[in-house]
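A.B. asks: Single-letter residue listing:
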Amino acid sequence: DQQVKQNSPSLSVQEGRISILNCDYTNSMFDYFLWYKKYPAEGPTFLISISSIKDKNEDGRFTVFLNKSAKHLSLHIVPSQPGDSAVYFCAASFFNAGNMLTFGGGTRLMVKP
Amino acid sequence: GAGVSQSPSNKVTEKGKDVELRCDPISGHTALYWYRQSLGQGLEFLIYFQGNSAPDKSGLPSDRFSAERTGGSVSTLTIQRTQQEDSAVYLCASSLVVGSNEKLFFGSGTQLSVL
Chain A
1 DQQVKQNSPS LSVQEGRISI LNCDYTNSMF DYFLWYKKYP AEGPTFLISI
51 SSIKDKNEDG RFTVFLNKSA KHLSLHIVPS QPGDSAVYFC AASFFNAGNM
101 LTFGGGTRLM VKP
Chain B
1001 GAGVSQSPSN KVTEKGKDVE LRCDPISGHT ALYWYRQSLG QGLEFLIYFQ
1051 GNSAPDKSGL PSDRFSAERT GGSVSTLTIQ RTQQEDSAVY LCASSLVVGS
1101 NEKLFFGSGT QLSVL
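Taken in sequence, the protein lines are chains A and B.
At position 1 of the first sequence the residue is numbered 1 (this note's numbering), and the sequence of numbers has no breaks.
At position 84 of the second sequence the residue is numbered 1084 (this note's numbering), and the sequence of numbers has no breaks.
Chain A with its partners taken away, still in its complex shape (with noise of 0.2 Å):
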C-alpha cells in the first residue's frame, strides 16, 4: 500500500511557464513533507519541506502547497527553467519516525525552451 503517491510519472512544460508537481498521502500521522530534485546518475538532493503546521511555505522559485483536509501537497515551480528539468520525489516523515521518509514514485518534470 502506497502512503505517497505522485499520480503523473511525467510532466512537461515550456521554459517561463508554470510547473506544478502534486502528491497525495494516506497516513494522517505524517507531520513533515519534503521534495527532492533527482538527476540522472546522482543522489536526491532536497528542494523544499514545509511542516504540517504550515500550509504554505516559499523558497525563491519553488513553493510548497499543504493542504491537511485533502492529504494533498503540490510544488509549484515559477518560471520554470530547463535546468529544472529532473525528477521530483514528495516525501512524507512523522515524528516518531525519526527522519524515515516515505517518498513517493517521482514525477519526471522536462522544461521545454
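Since the hints were derived computationally from the structure, they do not count as laboratory data.
All figures in this text were calculated on a predicted structure; none of them were measured in a lab.
All C-beta atoms in this analysis are idealised placements derived from N, C-alpha and C, irrespective of residue type, glycine included.
Where hints are given, some of them may not hold.
[Claimed, not checked] Across the chosen pairs, the derived CB separations fall in these ranges:
no.	chain 1	residue 1	chain 2	residue 2	range
1	B	GLN1041	A	ASP55	26 to 32 Å
2	A	LYS56	B	ARG1064	42 to 48 Å
3	A	GLY16	B	GLY1016	51 to 57 Å
4	A	ILE18	B	ARG1064	26 to 32 Å
5	A	LYS54	B	GLN1041	27 to 33 Å
6	A	PHE46	B	VAL1074	19 to 25 Å
7	B	VAL1074	A	GLN81	18 to 24 Å
[To be verified] Which residues of chain A face chain B? A few of them, derived with a C-beta cut under 10 Å, are:
no.	residue
8	LEU34
9	TYR36
10	GLY60
11	PRO82
12	GLY106
[To be verified] Once the Cα atoms are required to be at most 30 Å apart in a straight line, the calculated BS3-like pairs of lysine-lysine come out as:
no.	chain 1	residue 1	chain 2	residue 2
13	A	LYS56	A	LYS5
14	A	LYS37	B	LYS1017
15	B	LYS1103	B	LYS1015
16	A	LYS37	B	LYS1103
17	A	LYS5	A	LYS37
18	A	LYS54	A	LYS68
19	B	LYS1017	B	LYS1057
20	B	LYS1103	B	LYS1057
21	B	LYS1057	A	LYS5
22	B	LYS1103	A	LYS71
23	A	LYS71	B	LYS1017
24	A	LYS56	A	LYS68
25	B	LYS1103	A	LYS54
26	B	LYS1015	B	LYS1057
27	A	LYS54	A	LYS71
28	A	LYS54	A	LYS5
29	A	LYS71	A	LYS5
30	A	LYS37	A	LYS54
31	A	LYS5	A	LYS112
32	B	LYS1057	A	LYS37
33	B	LYS1017	A	LYS68
34	A	LYS56	A	LYS71
35	B	LYS1103	A	LYS5
36	A	LYS68	A	LYS5
37	B	LYS1103	A	LYS56
38	A	LYS37	A	LYS112
39	A	LYS37	A	LYS56
40	A	LYS56	A	LYS112
Given chain A, put chain B in place with the hints provided.
C.D. replies: Quick look at chain B alone, frame taken from chain A:
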C-alpha cells in the same frame, strides 16, 4: 569528504553471487539510511541506523539482505545469493539528528545489475 560517498558506483554480478555495497556518510552524521530505487519506481526504504541503537530493518525485502554499520560511521549493505529482481540503484543517505526533521543527504548510489 564533504558528501555521502558510495562505492562501487556500478556493480554487475551473476545471479546467485553475493555483493557488498559500501557507504561513507557525512562526518558527524549520526543517522544512516539505505534506500533502493528499482527501474521506474520510487525510493524504497530498506534500513536505518541511529547511533548505537538497534537498526530499523523493517524495510529489508528478504533475509538475503543485511547491513551493518561499524564504529558508527561506514556502512555495508550485503545481498546474498543475488536475484535479478535485486537489480536497482541502492542509495545511502545520512542526517545529523534524528527526530528533528533534519533533511537527508544522499550519495550518488550504486547501480546494481544482476544478470
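A.B. asks: The structure should be examined with respect to each hint, and the outcome stated for every one.
C.D. replies: Outcome of the hint check:
no., hint, in the structure
1, B/GLN1041 / A/ASP55: 26 to 32 Å, "30 Å, holds"
2, A/LYS56 / B/ARG1064: 42 to 48 Å, "44 Å, holds"
3, A/GLY16 / B/GLY1016: 51 to 57 Å, "53 Å, holds"
4, A/ILE18 / B/ARG1064: 26 to 32 Å, "45 Å, violated"
5, A/LYS54 / B/GLN1041: 27 to 33 Å, "30 Å, holds"
6, A/PHE46 / B/VAL1074: 19 to 25 Å, "23 Å, holds"
7, B/VAL1074 / A/GLN81: 18 to 24 Å, "38 Å, violated"
8, LEU34, "7 Å, holds"
9, TYR36, "8 Å, holds"
10, GLY60, "17 Å, violated"
11, PRO82, "22 Å, violated"
12, GLY106, "5 Å, holds"
13, A/LYS56 / A/LYS5, "20 Å, holds"
14, A/LYS37 / B/LYS1017, "33 Å, violated"
15, B/LYS1103 / B/LYS1015, "35 Å, violated"
16, A/LYS37 / B/LYS1103, "13 Å, holds"
17, A/LYS5 / A/LYS37, "16 Å, holds"
18, A/LYS54 / A/LYS68, "9 Å, holds"
19, B/LYS1017 / B/LYS1057, "22 Å, holds"
20, B/LYS1103 / B/LYS1057, "20 Å, holds"
21, B/LYS1057 / A/LYS5, "23 Å, holds"
22, B/LYS1103 / A/LYS71, "21 Å, holds"
23, A/LYS71 / B/LYS1017, "43 Å, violated"
24, A/LYS56 / A/LYS68, "11 Å, holds"
25, B/LYS1103 / A/LYS54, "18 Å, holds"
26, B/LYS1015 / B/LYS1057, "24 Å, holds"
27, A/LYS54 / A/LYS71, "13 Å, holds"
28, A/LYS54 / A/LYS5, "21 Å, holds"
29, A/LYS71 / A/LYS5, "11 Å, holds"
30, A/LYS37 / A/LYS54, "22 Å, holds"
31, A/LYS5 / A/LYS112, "25 Å, holds"
32, B/LYS1057 / A/LYS37, "26 Å, holds"
33, B/LYS1017 / A/LYS68, "46 Å, violated"
34, A/LYS56 / A/LYS71, "14 Å, holds"
35, B/LYS1103 / A/LYS5, "20 Å, holds"
36, A/LYS68 / A/LYS5, "15 Å, holds"
37, B/LYS1103 / A/LYS56, "18 Å, holds"
38, A/LYS37 / A/LYS112, "18 Å, holds"
39, A/LYS37 / A/LYS56, "19 Å, holds"
40, A/LYS56 / A/LYS112, "27 Å, holds"
Of the numbered hints given earlier, the model fails hints 4, 7, 10, 11, 14, 15, 23 and 33; all others are met.
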